[in-house]
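S.K.: Read top to bottom, the protein sequences are chains F and W. Each residue of the first sequence is one higher than the one before, counting from 798 in my numbering. Each residue of the second sequence is one higher than the one before, counting from 798 in my numbering.
Just so you know, the hints here were simulated from the structure itself, not pulled from any lab data. Keep in mind that the hints are not guaranteed to be accurate.
According to the in silico footprint, chain W covers these stretches of chain F (three or more CB under 8 Å from chain W) [as the list claims (entries may be wrong)]:
#1 997 to 1003
#2 1041 to 1048
Dumping the calculated SDA-like pairs for lysine to any residue here, alpha-carbon to alpha-carbon at most 25 Å [stated by the list, open to error]:
#3 W/LYS1101 / F/ALA1047
#4 W/LYS1049 / W/GLU1033
#5 W/LYS838 / F/GLU825
#6 W/LYS842 / F/ARG1050
#7 W/LYS838 / F/ALA1047
#8 W/LYS1024 / W/ASP821
#9 W/LYS842 / F/MET1068
#10 F/LYS838 / F/LYS1159
#11 W/LYS1049 / F/GLU825
#12 W/LYS1029 / W/SER872
#13 F/LYS1159 / F/GLU1033
#14 W/LYS842 / F/MET900
#15 W/LYS842 / F/LYS1159
#16 W/LYS838 / W/ASN992
#17 W/LYS1024 / W/LYS1101
#18 F/LYS1049 / W/GLY1151
#19 F/LYS1112 / F/ARG959
#20 F/LYS842 / W/TYR901
#21 F/LYS1049 / W/ASP840
#22 F/LYS838 / W/LYS1029
#23 F/LYS1049 / W/LYS1024
#24 W/LYS1049 / F/SER872
#25 F/LYS1049 / W/ASP821
#26 F/LYS1101 / F/GLN1064
#27 W/LYS1049 / F/LEU1052
#28 W/LYS1024 / W/GLU828
Computed beta-carbon distance windows for the label pairs [what the hints assert, rightly or not]:
#29 W/SER995 / F/GLY871: 35 to 41 Å
#30 W/ARG799 / F/SER998: 33 to 39 Å
#31 F/LYS1024 / W/GLY956: 55 to 61 Å
#32 W/GLY899 / F/GLY1070: 54 to 60 Å
#33 W/GLY1097 / F/ILE919: 44 to 50 Å
#34 W/SER800 / F/SER800: 21 to 27 Å
#35 F/ALA1047 / W/PRO815: 22 to 28 Å
#36 F/ASN1116 / W/ARG1050: 27 to 33 Å
#37 W/GLY1154 / F/SER998: 46 to 52 Å
#38 F/ASP1162 / W/ARG799: 20 to 26 Å
#39 F/SER800 / W/LYS983: 40 to 46 Å
#40 F/THR917 / W/MET900: 52 to 58 Å
Cβ coordinates follow ideal geometry from the N, Cα and C atoms, glycine included.
Protein chains: 2
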Amino acid sequence: MRSVSVIGIGETRIGRFPDRSLRDLIQEAGEKAIADAGIGKEDVKALFMSNFNSQFLCGQGHIGPLASEILGLGSIPAIRVEGACASGSLAFRQALIAVASGMYDVVLVGGVEKMTHQSTEIVTAGIASASDFELEASLGATFPAIFAMIANRYFHEYGNVRNEMAMCAVQNHENALLNPDAQLHKRITIDLVKNAMSIASPLTIYDCSLVSDGAAFVVLAATDLAKSFSRKRIVEVVGCGQAGDTLTIASKRSLTTFDATVNAASQAYVMAGITPSQIDLAEVHDCFTITQIINTEDLGFFAKGKGAFALAEGKTAANGQIPINVSGGLKAKGHPIGATGLSQIYEVVTQLRGEGGMRQLKQADIGLTHNIGGTAATCVVSIFRGR
Amino acid sequence: MRSVSVIGIGETRIGRFPDRSLRDLIQEAGEKAIADAGIGKEDVKALFMSNFNSQFLCGQGHIGPLASEILGLGSIPAIRVEGACASGSLAFRQALIAVASGMYDVVLVGGVEKMTHQSTEIVTAGIASASDFELEASLGATFPAIFAMIANRYFHEYGNVRNEMAMCAVQNHENALLNPDAQLHKRITIDLVKNAMSIASPLTIYDCSLVSDGAAFVVLAATDLAKSFSRKRIVEVVGCGQAGDTLTIASKRSLTTFDATVNAASQAYVMAGITPSQIDLAEVHDCFTITQIINTEDLGFFAKGKGAFALAEGKTAANGQIPINVSGGLKAKGHPIGATGLSQIYEVVTQLRGEGGMRQLKQADIGLTHNIGGTAATCVVSIFRGR
């Protein structure tokens, strides 16, 4: 298997765009990524699309040839990959394998989701299809309810970290202030988070990620060809791991350790030959504040039970020991589900290239993305290194 | 890239099963394939699931970990691939690449669909998501309407073959009589087809494939390891091609030649180093009778404009020059969309092994599967050879 690098990235702004269609979002982000890579459309040999639930929310499946036609890519192979909120990273991983195997030299990976035109009830039902319908969703166990259980269990095992959990939202909102693509540009406080509308105790609306429209694309190329296309810093994919876990929460070994994250991270670290302490920045799945805290522990950044305190001490802030979600994360940048994993990669590549503008980190040579689907039933962890 | 073989197959009966859940269908077909392969569950290193539209029809997405949990496969990587009616073949192709690249030695590919519990209106809307929603489905251009246009254009270019088209349905129903897994066991006549309820002229209800529930699974292994697992005839994947085309019918170069089929077939023939005349049997996508006729031309079995006459002359019958859809096809075996591409492979492998029972062909060493999605916007052609 040969080395693969990211040579192009593009994303739309993330937000509520009642006037923008799936078509429009795909076109903007896809064209941006192709232009950013310095390639021609004829160089793209396959298209890997990610979308979570446009069949239910927009009446649109078969996103592969839809995107291929919109972007003028001709008759190349095009597929859609779906794995709930990890869809974007799964499409990225399929593309990575295809290039690493030598099958294609240059491929495009794209993710898109359009959600905000639907009612909260429809969106909630759509998202619930990422859980087990028969055993969870049909009984009313929506994701806020499930992650509220997880938060309560975390409190039981490691102490009540309600304040620290709220700080996670505060920090991600702070980071999003410097990201022009972010959905929310709003400074918040711990008190605001704690006193906001309760969704499922202890989670308030500010503990939850956003319902969003948006698209993000990435161009991958064999590393030995990357320099012939791109004049920018080449960002090599040095590690990638994927693991699964039971879809149902009832079958899980633990509610406060996500085994899929631990396994996927272990694969990625071994492949990259590095340890968590060498990571300069990470985009970590924060569908809820408690999720980010648990994930930062499972990724090896902090000991079990210490993630919330580390966050509150500023260790995950942009100027901290391991900056987490400098983009604003799913919490404040937004969560256009099919695009989310690719938008995480967009941020890491932007930082490794030194193109982060107002939010650029001083030290950014190795970055990590972490993306889960459902109740961590699917997890992909990828590690990137600037060359 | 190394050689890959099919070492296990399993499918459910295809039909209307109001009492069977997605869970139940997955379990039956998945367990059968694993047992047929002679492997243990611990041998399966990745799972590639195919499903078209259970998010809309059943409220269930994230089919990868759902199936993994049902089948007891632990924490292996599991994804879902979707490309409309070609979803099964796309999942198969992703699995093929993963094994061929050396990434995994043994993987499981599965497809499932549950459709018959929904009303005709809901099913029609669900299927229409395989077309361009904004430009086609939302304007009422459902697939029967689109393929009726195609049939009319075919009549215009090559003459009125209404009788020969009806014969396609008659032949596939005849074949299904010998397939215990088929949804319909009903002998029909040309007159019955022509005088049945009109769906979109010239297509009557007997020109249309079925709405079905069902699941089909396949186990793939590196060929050099296949004999260590399976005592059955090893079926090598000697060719596989994938091509796309525009999603919208308005943008296509031709209505009577499916460029995606021509391109995908060309790739598969070149990879296999064989010509169409060497194929002993083919499972060909017959969502409508006209589709099978056009496809048999585009696959190189017959000259353009001659497919309908060749069929009527018996050349595609079980005892003909190139037996097509000896399983009964989508038309009479059934069309559980996410499972269809894998059920085609099930039939070819069954025949190449000599396990076809009453419908076993005398000569079956090289078989082909052909699967399209939407208006032939996605196509996968695979070629199999018994070793």
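S.K.: Taking the hints in turn, state whether each one holds.
M.R.: Verification of the supplied hints:
1. 997 to 1003: violated (count 0)
2. 1041 to 1048: As far as the stretch 1041 to 1048 of chain F goes, the hint holds, because 6 residues have Cβ atoms under 8 Å from chain W.
3. W/LYS1101 / F/ALA1047: violated, 57 Å
4. W/LYS1049 / W/GLU1033: violated, 34 Å
5. W/LYS838 / F/GLU825: The hint is violated at about 44 Å.
6. W/LYS842 / F/ARG1050: Roughly 21 Å between the alpha carbons, so the hint for W/LYS842 and F/ARG1050 holds.
7. W/LYS838 / F/ALA1047: holds, 22 Å
8. W/LYS1024 / W/ASP821: This hinted pair is violated, its Cα atoms lying about 30 Å apart.
9. W/LYS842 / F/MET1068: holds, 17 Å
10. F/LYS838 / F/LYS1159: Since the Cα atoms of F/LYS838 and F/LYS1159 sit roughly 34 Å apart, the hinted pair is violated (cutoff 25 Å).
11. W/LYS1049 / F/GLU825: Holds: W/LYS1049 and F/GLU825 sit about 23 Å apart, inside 25 Å.
12. W/LYS1029 / W/SER872: violated, 29 Å
13. F/LYS1159 / F/GLU1033: Roughly 19 Å separates the two Cα atoms, so the pair holds.
14. W/LYS842 / F/MET900: holds, 21 Å
15. W/LYS842 / F/LYS1159: violated, 40 Å
16. W/LYS838 / W/ASN992: violated, 51 Å
17. W/LYS1024 / W/LYS1101: Measuring from Cα to Cα gives roughly 42 Å; hence the hint is violated.
18. F/LYS1049 / W/GLY1151: violated, 43 Å
19. F/LYS1112 / F/ARG959: Holds. F/LYS1112 to F/ARG959 sits at ~18 Å (cutoff 25 Å).
20. F/LYS842 / W/TYR901: holds, 23 Å
21. F/LYS1049 / W/ASP840: It holds: about 22 Å lies between the C-alpha atoms, which stays within 25 Å.
22. F/LYS838 / W/LYS1029: violated, 45 Å
23. F/LYS1049 / W/LYS1024: Violated. F/LYS1049 to W/LYS1024 sits at ~36 Å, over the 25 Å cutoff.
24. W/LYS1049 / F/SER872: Within the cut-off at roughly 11 Å; holds.
25. F/LYS1049 / W/ASP821: Since the Cα atoms of F/LYS1049 and W/ASP821 sit roughly 21 Å apart, the hinted pair holds (cutoff 25 Å).
26. F/LYS1101 / F/GLN1064: Since the Cα atoms of F/LYS1101 and F/GLN1064 sit roughly 19 Å apart, the hinted pair holds (cutoff 25 Å).
27. W/LYS1049 / F/LEU1052: It is violated: about 51 Å lies between the C-alpha atoms, which goes past 25 Å.
28. W/LYS1024 / W/GLU828: Judged against 25 Å, a Cα distance of about 20 Å means the pair holds.
29. W/SER995 / F/GLY871: 35 to 41 Å: With a Cβ separation near 37 Å, W/SER995 and F/GLY871 satisfy 35 to 41 Å, so the hint holds.
30. W/ARG799 / F/SER998: 33 to 39 Å: violated, 54 Å
31. F/LYS1024 / W/GLY956: 55 to 61 Å: The hint (55 to 61 Å, Cβ to Cβ) holds, given that F/LYS1024 and W/GLY956 are roughly 57 Å apart.
32. W/GLY899 / F/GLY1070: 54 to 60 Å: Between W/GLY899 and F/GLY1070, where Cβ atoms are some 20 Å apart, the hint is violated.
33. W/GLY1097 / F/ILE919: 44 to 50 Å: With Cβ atoms ~46 Å apart, the hint holds.
34. W/SER800 / F/SER800: 21 to 27 Å: holds, 25 Å
35. F/ALA1047 / W/PRO815: 22 to 28 Å: At 26 Å between Cβs, range holds.
36. F/ASN1116 / W/ARG1050: 27 to 33 Å: This hint is violated: roughly 57 Å between Cβ atoms.
37. W/GLY1154 / F/SER998: 46 to 52 Å: violated, 60 Å
38. F/ASP1162 / W/ARG799: 20 to 26 Å: violated, 35 Å
39. F/SER800 / W/LYS983: 40 to 46 Å: Given range 40 to 46 Å: violated, Cβ gap about 57 Å.
40. F/THR917 / W/MET900: 52 to 58 Å: violated, 41 Å
The structure is inconsistent with the numbered hints 1, 3, 4, 5, 8, 10, 12, 15, 16, 17, 18, 22, 23, 27, 30, 32, 36, 37, 38, 39, 40, although it conforms to all the rest.
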